[in-house]
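Chains W and L are the protein sequences, given in the same order. Throughout the first sequence, residue numbering follows the numbering used here, covering 1 to 134 in sequence. Throughout the second sequence, residue numbering follows the numbering used here, covering 1 to 64 in sequence.
Heads up, a few of these hints could be off.
DEER-style ranges, computed between Cβ atoms [stated by the list, open to error]:
#, chain 1, residue 1, chain 2, residue 2, range
1, W, 88, L, 49, 30 to 38 Å
2, W, 12, L, 6, 47 to 55 Å
3, L, 42, W, 95, 47 to 55 Å
4, W, 84, L, 12, 47 to 55 Å
5, L, 47, W, 131, 22 to 30 Å
6, W, 25, L, 42, 39 to 47 Å
7, L, 1, W, 12, 29 to 37 Å
No lab work stands behind these hints: they were computed from the structure. Each residue gets a CB set at the ideal place from its N, CA and C atoms; glycine is no exception.
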Amino acid sequence: MPCIPATKAGRRYVYRLAPTMAIYLVFLFIAQWSFHHLHPTGFIVYVLAVLPALPLIGSLIVVGLYITEESDEFERSILVQSMLWGFGGTLAVTTIWGFLEDFAKAPHISTFYVYVFFWIFMGIAQPFIRMRYQ
Amino acid sequence: MKNRLRILRAEHSWSQADLAERLEVSRQSVNAIETGKFDPSLPLAFKLARLFNSPIESIFTDEE
């Protein structure tokens, strides 16, 4: 997770994100355990499949709240620039991988990894963006 | 954008951290503004002007 400044908004971000991630782990466990042991069918399959995604969507809302609440415009700018690199990097990798799957028989990657790529690119970009201002 | 923040800060014997606390921003923010690498918004520029009791144009100049 990219480093967040020790501002009030930054602390709120951490306090909100930590339970979101804990809920994700619980929901993931519930979904995996249910599919392995209960073999659900019908509508409940969709509910259980979507369950782990809900806290991850929540984590994106937490980031949005941080941007809204952060009064330090420099820190806000750093995070927004990092997110742009996150979006750009994710789009680049998934576009390239899509063509590799279509034309070069590359193994299929779950679209869930779009979320992972976003955080990885955002996390890598942030220290470099900070360095530009030192 | 060039500015006289370092001089004004020195006149008040404030560290970057002192100024950051008064502006309610991070020390990195003060450093980025002071070195001219980050241009503050108008509200933050006015806050600086009030803090140093100087007009904005005497703190910031639009030279590159």
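How the hints compare with the structure:
1. W:88 with L:49: 30 to 38 Å: holds (37 Å)
2. W:12 with L:6: 47 to 55 Å: violated (32 Å)
3. L:42 with W:95: 47 to 55 Å: About 39 Å separates the Cβ atoms of residue 42 (chain L) and residue 95 (chain W), which means 47 to 55 Å is violated.
4. W:84 with L:12: 47 to 55 Å: Once the Cβ atoms are compared, 37 Å apart, the range 47 to 55 Å for residue 12 (chain L) and residue 84 (chain W) is violated.
5. L:47 with W:131: 22 to 30 Å: Holds - the Cβ-Cβ distance for residue 47 (chain L) and residue 131 (chain W), about 26 Å, lies within 22 to 30 Å.
6. W:25 with L:42: 39 to 47 Å: Roughly 44 Å apart at Cβ, these two residues keep to the hinted range, so it holds.
7. L:1 with W:12: 29 to 37 Å: With Cβ atoms ~31 Å apart, the hint holds.
The structure fails hints 2, 3, 4 (numbered hints given earlier, in ascending order).
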